[in-house]
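Q: What follows is each chain in one-letter form.
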Amino acid sequence: MHVPDNYLSPQTDAVAAVAMVGVWAHCAKVVRKQLDQKHLAFLGVAAAFSFLLMMFNVPLPGGTTGHAVGGTLVAVMLGPEAACIAVSVALAVQAVVFGDGGILAFGVNCFNMAFVLPFVGYGIYLLISTRIPGEAGRRVGMAVGSYVGINVAALCAAIEFGIQPALFHDASGAALYCPYPLSVSIPAMMIPHLLVAGVVEAVSTVAIYSFVKSAAPEYLLAEDGSGKPRRSSLVPVAVLMAALVVLTPLGLLAEGDAWGEWDAETLGELAGSVPAGIADGFSFDALMPDYSLAGLPDAVGYMLSAVVGVALLVIVFKLLSGLGRGQAQDGAAARA
Amino acid sequence: MPSQADKTDVANGRQPLELPAWLVPGGMAPYEPKVAREGFLRKNVLALTRLLARVRVGSRVGQCDSAIDRVLARVAVPARLLGLLVLLVCVSAAANMAFAYLMLGVSLVMLAARPAGRIAPVARTAGVVALVTALVMLPAALLGQPTSAVRMATKAFATVSLALGLFQHVSWSQVTSALRWLRLPSQAVFVLDMTLRDIELLGRAALELSDALALRSVGVARDATAGAAGVMGMTFLRAHELAARQSEAMRLRGFDGSYEPPRERVLTPATLTYVVVVVGLVCVFVYLEGAM
Amino acid sequence: MGERGVAAGAVDASEQPAMRFEHVSFSYEGHVALDDVSFQVMPGELVALSGPNGCGKSTVMRLASGLDFASAGTVAVLGQRVDATTMSDLRTAKRLHQRAGLVFQNPDSQLFCPSVYEEVAFGPRQMGLGEDEVARRVTDTLALFGLAGFEERSPWRLSGGEKRRVALAAIVSMGPELLMLDELVDGLDVESLGRVADFIESYVAAGGTVLVTTHHHDHVRLPEARHVVMDAHHRIA
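Protein chains in written order, with our numbering: chain P, 20 to 355; chain L, 2 to 293; chain S, 4 to 240.
The hints are simulated quantities; they were obtained by calculation from the structure and are not laboratory data. Predicted, not measured: the structure shown is a model, and the values here were computed from it. Certain hints may be false.
[As the list claims (entries may be wrong)] Listed below are several chain S residues computed to face chain L (Cβ distance under 10 Å; list not exhaustive):
#1 Asp111
#2 Asp135
#3 Arg139
#4 Arg156
#5 Leu161
#6 Gly163
#7 Ser176
The beta-carbon is built from N, C-alpha and C at its ideal position, and this holds for glycine as well.
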């Protein structure tokens with residue numbers, strides 16, 4: 020459900036961006052207080068999982084594709100505020116490096132996938148896991164929470180799309196941006212997510228969480244506060260991530276774009292004409308647009324993109340985790 | 002030990018020196034510094050030179066920061082040097098950006114595998130170089146070729162981080178003997194050796210002088226640029242003199258200008274594997290260039 | 004802690020300390036340089052900080068000048084807290100550097116001007132003093148350390164003791180209230196030692212505060228100093 024540029028009016032983009040600034044500030048403050056260096060570095064790994072999940076496109080009824088997001092997964096592992104930051108950074112990498120998701124629409128995408136999704140998902144997870152005790156309660160909570168979370172996020176995206184024709188049109192009534200009204204956008208987005216993408220989200224959330232919990236539990240924020248200090252290695256997690264990277268080309272098998280992620284040309288074919296705002300809108304040349312490179316077979320390009328994205332996210336959060344305590348010591352060490 | 006005269010002073014109770022009025026603590030009105038924005042030259046020339054000290058050759062010798070470093074440590078240094086050189090040439094020459102991105106991916110994975118504190122020095126230096134490259138290429142962007150700045154910056158980042166990653170983990174003596182194994186004449190190795198010591202000492206001198214400068218920059222200099230240039234000049238002269246003294250010390254310990262190739266076997270299984278990998282990458286490079 | 008008499012110019016105990024370290028720890032790259040160090044220096048005192056090599060004496064001075072920042076604990080110099088936040092204000096940092104002068108162990112690390120005159124004039128010029136006043140300060144300071152006539156000499160061609168005196172002069176010419184001398188006394192030749200010892204005594208008598216690091220636990224070189232001893236474990240013994 021990445022919203023590309025020019026499908027929403029600049030006003031919509033701006034409102035979402037302004038709202039997100041406040042959210043990011045709050046989440047950054049909470050994360051800095053809550054997470055120590057080790058957990059903050061692990062947040063990079065969590066963000067990388069989210070990034071990888073978003074690369075696995077699944078075919079959906081109606082000829083489009085969808086993908087899981089993993090926002091609730093990160094929320095359960097390290098808290099919803101951390102999930103907001105992690106998914107935002109992953110979305111930023113996708114938008115800037117790979118051209119997936121708009122630049123102007125970045126605020127909207129973060130609002131849907133980094134704010135609504137993890138917070139709703141985590142809220143429901145808490146609700147259920149406190150009522151049903153034990154591991155079963157946690158798993159059910161995660162599954163239901165992530166399922167509901169992604170669907171609420173999809174609903175938000177659908178509403179953002181659907182109100183465009185009514186609010187932003189030219190003198191003759193033709194839509195400037197997304198041409199599909201609510202009556203089209205809501206079913207078009209909700210049905211695939213309710214039927215398929217939501218299920219994929221729930222399954223992958225529970226699966227990845229269980230794997231990390233058994234392989235390296237002390238990297239997760241202990242919910243009951245009984246963190247037994249264990250020294251586990253992240254090697255199994257790294258292996259899982261490598262396996263996912265190698266499998267990413269499967270996401271290319273699903274042909275067609277996700278609903279709402281078409282380029283101008285495809286939209287022209289679908290809708291019959293290209294709305295003015297989309298035809299003449301903002302354009303941005305990413306480094307590796309659409310995760311592909313000239314000369315490389317698509318699968319290789321996709322895998323390389325996955326590697327670059329994962330490495331970037333891990334590096335960014337490791338650097339963030341080392342901030343503050345690093346400054347003085349670098350100078351002292353260099354003089355040593 | 003104090004001299005005879007001083008001992009007499011001690012016995013007689015030394016007469017305290019007459020301190021000038023301005024030196025008596027509390028004798029002058031408290032000094033209020035005027036603060037002006039530091040000029041670009043002052044702030045950045047020394048800072049850039051300090052970067053040289055940050056990633057010294059052999060600063061992490063024998064310390065493997067990640068699993069990947071552990072594997073690479075078993076490869077003979079001459080092979081790693083040659084491999085690095087070949088790959089750097091390929092990246093720089095790549096007209097098809099795919100190879101550059103492939104090597105960018107490799108360098109990012111090598112960085113990501115390291116602990117947080119070890120990423121920052123290399124990433125910062127490589128990042129600065131990439132940024133400067135992008136700025137230098139800015140005119141091309143304004144003339145209608147915006148991608149060239151990004152492409153050059155990508156290549157710069159990949160090459161610098163790969164090179165720094167290697168040089169941190171090998172000692173300079175390993176590098177010089179590797180150069181001899183590659184049949185470089187002793188005189189050439191000597192020039193490289195002295196130059197590198199110069200650069201390293203320059204970086205270290207800049208680091209120390211930055212502190213000294215910070216301690217005495219208590220206000221606003223009247224002629225800021227001349228001051229900065231003066232400090233840079235002194236730094237350079239000092240580093241050069243230190244390097245000369247270092248080579249004198251080397252001579253006193255039996256160095257006669259000749260360098261020895263490495264004693265241990267170079268062609269180990271690990272080295273051969275590494276060579277195969279590098280050759281593979283070169284083949285990929287050739288294929289991609291041909292596919293353009 | 005070895006107490007040995009009180010320096011000349013002892014001050015009222017209720018006065019604020021000139022330097023205060025409270026439970027200060029500092030480490031870099033996993034290497035512990037200081038481990039829970041606490042001590043005070045009162046105004047007008049002469050304190051000798053001694054201990055084996057590598058116990059953290061130089062680190063104490065670097066922390067007090069704001070060149071590095073403690074990982075734990077409080078450092079306060081002349082009533083000013085020294086940490087990353089306070090030192091990020093340029094005005095505060097410059098004020099501190101003028102009031103509390105630090106002379107490094109290695110004179111080569113801190114001489115960067117082409118002539119001795121320029122070197123000693125650098126600080127006063129930064130303070131915005133007129134050229135007459137600057138000249139007066141340079142002449143006075145060089146005379147204090149027996150360097151009259153050295154104005155046009157190049158600093159890095161001097162002998163070791165002369166270099167140390169120039170480095171000290173370059174800091175003293177700024178008129179600080181507190182002097183931190185890192186192993187200055189240890190490396191001096193006979194002539195230089197006499198002059199520096201005389202200067203320190205007069206300076207302390209006039210109300211200045213001096214902190215010296217030294218290898219020597221005995222009191223031969225600085226008989227009036229109060230000794231604070233550090234041990235090999237980076238703590239106050």
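Q: Hint by hint, say whether it matches the structure.
A: Taking the hints in turn, this is what the structure says about them:
no. : hint   : verdict
1   : Asp111 : holds, 7 Å
2   : Asp135 : violated, 12 Å
3   : Arg139 : holds, 8 Å
4   : Arg156 : violated, 14 Å
5   : Leu161 : violated, 13 Å
6   : Gly163 : violated, 14 Å
7   : Ser176 : holds, 9 Å
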